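Novice: The lines below spell out each chain.
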Amino acid sequence: MASATAAPDFATLTVGDVVAEREFPLTRDSLVRYAGASGDFNPIHYRDDVAASVGLPGVLAHGMLTMGFAVQPVVDWAGDPGRVADYQVKFTRPVVVDPEQGALVTVVAKVGQLDESAAVARIDLTVKLGDDTVLGKAQVRVALG
Amino acid sequence: MPLNPELQGRVFPPTEPYLVGREKVREFARAVFATNPINLDPEAARAAGYDDVVAPPTFAVVVQEHAIAQLLADPASGIDFSRVVHGDQRFISTRPIVAGDLLTATLTVSSVKTLGPHSIVTAQSAIADESGSPVVTAISTIVIRGED
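Those sequence lines, one after another, are chains A and B. The numbering of the first sequence is full-length UniProt numbering, which starts it at 1 and goes up by one. The numbering of the second sequence is full-length UniProt numbering, which starts it at 1 and goes up by one.
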């Protein structure tokens with residue numbers, strides 16, 4: 001690769017290729033940091049008593065935090081965050097973050113579809129906590145033209 | 001309180017302009033584990049052709065929140081905030097958000113559906129810059145859980 005910000009060569013991509021993989025160890029600190037950065041101060045993301053009072057199994061990561069980091073391996077592969085043209089997810093399962101153990105979320109990014117005429121690659125993300133998928137239909141369209 | 005079915009198609013006034021700060025972008029980037037220098041380092045961003053650091057792909061949520069807050073705060077909408085769950089989210093970019101942008105969001109309630117006891121609202125925030133040019137469209141689906 002010529003530089004950290006160079007684009008991948010569209011012509012070399014094949015549907016099914018794994019383009020990036022990364023593990024994200026979340027802690028309660030990660031949630032507090034995201035709360036401050038995003039302005040989402042819903043206490044279910046940092047207070048056990050509030051989470052319990054609304055019937056949750058524990059303090060949850062913000063869905064938007066999971067969406068936010070899950071795309072990062074694709075950004076690094078693409079070389080430039082500005083190449084992400086379209087990004088969507090469904091929030092299918094909550095990520096409970098244990099106060100001591102935290103939570104380890106894994107992301108695998110694969111080529112899902114290639115639009116030759118526009119040089120846009122659709123990258124499909126598999127985002128899991130253990131064996132459970134936490135984001136559905138997580139798709140990133142990356143403009144490589 | 002039931003959801004107001006007349007919400008569908010409703011367009012809210014544009015939000016107050018939001019000035020995207022360099023340190024806010026860097027703070028948000030670190031919070032989502034971004035490691036790309038274009039998100040963090042103004043020199044790297046300039047070398048890549050941008051005026052300043054580029055916000056991560058999900059940064060538009062910060063601006064979208066101001067638009068959705070209008071919907072949730074409106075007593076006429078009938079939405080009980082404590083029963084709201086985020087269902088889906090999508091960002092369709094015309095161009096990336098860069099530090100220095102002055103952004104406004106105009107929210108349209110594009111659909112209101114009922115699924116059993118639950119209501120599903122899709123809200124589209126058209127985010128534009130100071131010149132009125134489109135930057136990103138943020139589409140959020142929220143589920144309002146019915147009484148158990």
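Keep in mind that the hints were calculated from the coordinates and are not lab data. Quick caveat: nothing in here was measured; it's all calculated off a predicted structure. All residues carry an ideal CB built from backbone N, CA and C; glycine is no exception. Do not rely on the hints blindly, as some may be mistaken.
Stated by the list, open to error - Computed footprint of chain B on chain A; a stretch qualifies when at least three of its residues, placed anywhere within it, have a C-beta under 8 Å from a C-beta of chain B:
1. 26-36
2. 59-67
3. 83-93
To be verified - List of simulated lysine-lysine pairs, DSSO-like, C-alpha gap at most 30 Å:
4. K110(A) - K90(A)
5. K128(A) - K90(A)
6. K90(A) - K24(B)
7. K137(A) - K90(A)
8. K110(A) - K128(A)
9. K113(B) - K137(A)
10. K113(B) - K90(A)
11. K24(B) - K137(A)
12. K24(B) - K128(A)
13. K110(A) - K137(A)
As the list claims (entries may be wrong) - Which stretches of chain B does chain A cover? Using the computed rule of at least three CB atoms under 8 Å from a CB of chain A, they are:
14. 12-23
15. 28-40
16. 71-81
17. 114-127
Novice: Are the hints correct? Go through all of them and say.
Specialist: Cross-check of the supplied hints:
1. 26-36: As far as the region 26-36 of chain A goes, the hint holds, because 4 residues have Cβ atoms under 8 Å from chain B.
2. 59-67: As far as the region 59-67 of chain A goes, the hint holds, because 4 residues have Cβ atoms under 8 Å from chain B.
3. 83-93: Coverage by chain B holds here, the residue count being 8 at a Cβ distance below 8 Å.
4. K110(A) - K90(A): holds, 17 Å
5. K128(A) - K90(A): Holds, because 13 Å separates the two Cα atoms, which is no more than 30 Å.
6. K90(A) - K24(B): Given that 30 Å is the threshold and the Cα spacing comes to 26 Å, the pair holds.
7. K137(A) - K90(A): holds, 6 Å
8. K110(A) - K128(A): holds, 14 Å
9. K113(B) - K137(A): Distance ~21 Å between K113(B) and K137(A) Cα, so the pair holds.
10. K113(B) - K90(A): Measuring from Cα to Cα gives roughly 17 Å; hence the hint holds.
11. K24(B) - K137(A): holds, 29 Å
12. K24(B) - K128(A): holds, 28 Å
13. K110(A) - K137(A): holds, 13 Å
14. 12-23: Since three or more residues must qualify, the claim that chain A covers the region 12-23 of chain B is violated, with 0 doing so at under 8 Å.
15. 28-40: holds (count 11)
16. 71-81: violated (count 0)
17. 114-127: violated (count 0)
Comparing the model with each numbered hint stated earlier shows that hints 14, 16 and 17 do not hold.
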